[in-house]
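Given next are the chains, with one letter for each unit.
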Amino acid sequence: MNAKAIVVTSGKGGVGKTTTTANVGAALARLGEKVCVIDTDVGLRNLDVVMGLEGRVVYDLIDVFEGRCKLRQAIIRDKRVDTLHLLAASQTRDKSALSEARMKDAVQALLEEGFDRVLIDSPAGIESGFQTAASAAQGALVVVNPEVSSVRDADRIIGLLEAREITEVRLIVNRLRPEMVKRGDMLEVNDVLEILGVKLIGIVPEDERILISTNIGNPASLEESPKLAAGAAFRDIAQRIRGEEVPYPSFDQPTGFMAALRRFFGGN
Amino acid sequence: MFQSLFGRRKSKDQLKDRLKLVLSYDRAKLSPGNMDALKRELMTVIKKYFPSDGSDLDVKVEQQGERVVLVANLPVQRG
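One line per chain: the protein sequences are A and B, in this order.
Sequential numbering of the first sequence, starting at 1, is according to my numbering.
Sequential numbering of the second sequence, starting at 1001, is according to my numbering.
Please keep in mind that the hints were generated in silico from the structure rather than gathered at the bench.
Some clues are possibly wrong.
As the list claims (entries may be wrong) - Cross-link-like lysine-lysine pairs, in silico, BS3-like; alpha carbons within 25 Å at most:
#: 1; chain 1: B; residue 1: K1029; chain 2: B; residue 2: K1039
#: 2; chain 1: A; residue 1: K182; chain 2: B; residue 2: K1012
#: 3; chain 1: B; residue 1: K1016; chain 2: A; residue 2: K182
#: 4; chain 1: A; residue 1: K12; chain 2: B; residue 2: K1012
#: 5; chain 1: B; residue 1: K1039; chain 2: B; residue 2: K1060
#: 6; chain 1: B; residue 1: K1016; chain 2: B; residue 2: K1029
#: 7; chain 1: A; residue 1: K182; chain 2: B; residue 2: K1060
#: 8; chain 1: A; residue 1: K4; chain 2: A; residue 2: K70
#: 9; chain 1: A; residue 1: K199; chain 2: B; residue 2: K1020
#: 10; chain 1: A; residue 1: K4; chain 2: A; residue 2: K34
#: 11; chain 1: B; residue 1: K1060; chain 2: B; residue 2: K1020
#: 12; chain 1: A; residue 1: K12; chain 2: B; residue 2: K1016
#: 13; chain 1: A; residue 1: K79; chain 2: A; residue 2: K4
#: 14; chain 1: A; residue 1: K104; chain 2: A; residue 2: K70
#: 15; chain 1: B; residue 1: K1020; chain 2: B; residue 2: K1039
#: 16; chain 1: A; residue 1: K104; chain 2: A; residue 2: K34
#: 17; chain 1: B; residue 1: K1060; chain 2: B; residue 2: K1012
#: 18; chain 1: A; residue 1: K79; chain 2: A; residue 2: K34
#: 19; chain 1: A; residue 1: K12; chain 2: B; residue 2: K1029
#: 20; chain 1: A; residue 1: K199; chain 2: B; residue 2: K1012
#: 21; chain 1: A; residue 1: K182; chain 2: A; residue 2: K199
#: 22; chain 1: B; residue 1: K1010; chain 2: B; residue 2: K1020
#: 23; chain 1: A; residue 1: K12; chain 2: A; residue 2: K34
#: 24; chain 1: B; residue 1: K1047; chain 2: B; residue 2: K1016
#: 25; chain 1: B; residue 1: K1016; chain 2: A; residue 2: K199
#: 26; chain 1: A; residue 1: K12; chain 2: A; residue 2: K79
#: 27; chain 1: A; residue 1: K104; chain 2: A; residue 2: K4
#: 28; chain 1: A; residue 1: K182; chain 2: B; residue 2: K1020
#: 29; chain 1: A; residue 1: K79; chain 2: A; residue 2: K95
#: 30; chain 1: A; residue 1: K199; chain 2: A; residue 2: K12
#: 31; chain 1: B; residue 1: K1029; chain 2: B; residue 2: K1010
#: 32; chain 1: B; residue 1: K1020; chain 2: A; residue 2: K12
#: 33; chain 1: A; residue 1: K182; chain 2: A; residue 2: K4
Said to hold, decoys possible - Stretches of chain A that chain B covers, calculated by requiring three or more beta carbons in the stretch to come under 8 Å of a beta carbon on chain B:
#: 34; segment: 96–103
#: 35; segment: 155–161
Stated by the list, open to error - Residues from chain A that face chain B, not an exhaustive set, calculated with beta carbons under 8 Å:
#: 36; residue: V148
#: 37; residue: R152
#: 38; residue: G184
#: 39; residue: D185
#: 40; residue: I195
Ideal placement from N, C-alpha and C gives every residue a C-beta, glycine not left out.
Please put together the full structure from these sequences, using the hints given.
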């Protein structure tokens, strides 16, 4: 993607925006990019806990906007990957300081300070929080789950992004369950692409280990284990953002002797 | 009945059809209820000009490539 400032959005809540922001941000940083992830969900901040950086938040986005601190004082550097940085949202309800102009200025300042990529985690919904998050972006990652309300909301969000003339819109199909797709009880990725008409940049299978890594505040894409399918999927997305061609793995049934044995005896 | 004879229709295919329909209404910023009203009004106009009771009038919004179009179909009787 050419866009240096990318908004991560979905319309619907709970589809994996924050998890995606944390994991793709961490994976980009591991590839050597200087990355800042920004939480714009004022009043409901969560990117800090998902990344395991909650203990280090001193200043937040609203403090920057209201001049209580310098932009650089509010940026937290991750100790695990030193090119990864977080700008937290405020946890107070006061959103009045959020403005598109201030957001654009902050993102511009980060890029001028030498950040290669800024990922902006948008709040759910299509109201001012989303609009502010989108205002500073030239590209968008739309996160969608293969189910009715998420696809409908994604369509609405894609329309709003187009209205903002954000042209680099890419789709991440999150929480795909291959065994349900196989049964014909879940939309296939191609169905979602056909319905929404945007380009794909990632397929992330449902993986309970994502919850486990979130429990301990360690983004799955930072873990080396090749068994962690979702972590690998987020790393693939980071490479595709950087313009690399990464083939999509098949998320079919597990292979190997034990899996074959289980299938033979009618299990899953 | 059909379902028990020919097996269950895949739920994802039903969802795909429902999504295509609801998104074409969403994109056209038209509610399905308004579509019914439009259909009723079209029927009264058509009855004035065509020898049809309008009962086989089919009106829908469709996605055609990039565009959302309103399609009305009415078979005209012969003779």
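Do the hints match the structure? See the list:
| no. | hint | in the structure |
| --- | --- | --- |
| 1 | K1029(B) with K1039(B) | holds (16 Å) |
| 2 | K182(A) with K1012(B) | holds (10 Å) |
| 3 | K1016(B) with K182(A) | holds (15 Å) |
| 4 | K12(A) with K1012(B) | holds (20 Å) |
| 5 | K1039(B) with K1060(B) | holds (9 Å) |
| 6 | K1016(B) with K1029(B) | holds (20 Å) |
| 7 | K182(A) with K1060(B) | violated (32 Å) |
| 8 | K4(A) with K70(A) | holds (22 Å) |
| 9 | K199(A) with K1020(B) | holds (18 Å) |
| 10 | K4(A) with K34(A) | holds (11 Å) |
| 11 | K1060(B) with K1020(B) | holds (12 Å) |
| 12 | K12(A) with K1016(B) | holds (18 Å) |
| 13 | K79(A) with K4(A) | holds (23 Å) |
| 14 | K104(A) with K70(A) | holds (16 Å) |
| 15 | K1020(B) with K1039(B) | holds (20 Å) |
| 16 | K104(A) with K34(A) | holds (19 Å) |
| 17 | K1060(B) with K1012(B) | holds (22 Å) |
| 18 | K79(A) with K34(A) | holds (13 Å) |
| 19 | K12(A) with K1029(B) | holds (19 Å) |
| 20 | K199(A) with K1012(B) | holds (21 Å) |
| 21 | K182(A) with K199(A) | holds (23 Å) |
| 22 | K1010(B) with K1020(B) | holds (16 Å) |
| 23 | K12(A) with K34(A) | violated (29 Å) |
| 24 | K1047(B) with K1016(B) | violated (35 Å) |
| 25 | K1016(B) with K199(A) | holds (18 Å) |
| 26 | K12(A) with K79(A) | violated (32 Å) |
| 27 | K104(A) with K4(A) | holds (13 Å) |
| 28 | K182(A) with K1020(B) | holds (21 Å) |
| 29 | K79(A) with K95(A) | violated (30 Å) |
| 30 | K199(A) with K12(A) | holds (19 Å) |
| 31 | K1029(B) with K1010(B) | violated (29 Å) |
| 32 | K1020(B) with K12(A) | holds (18 Å) |
| 33 | K182(A) with K4(A) | violated (37 Å) |
| 34 | 96–103 | violated (count 0) |
| 35 | 155–161 | holds (count 3) |
| 36 | V148 | holds (6 Å) |
| 37 | R152 | holds (6 Å) |
| 38 | G184 | holds (3 Å) |
| 39 | D185 | holds (5 Å) |
| 40 | I195 | holds (6 Å) |
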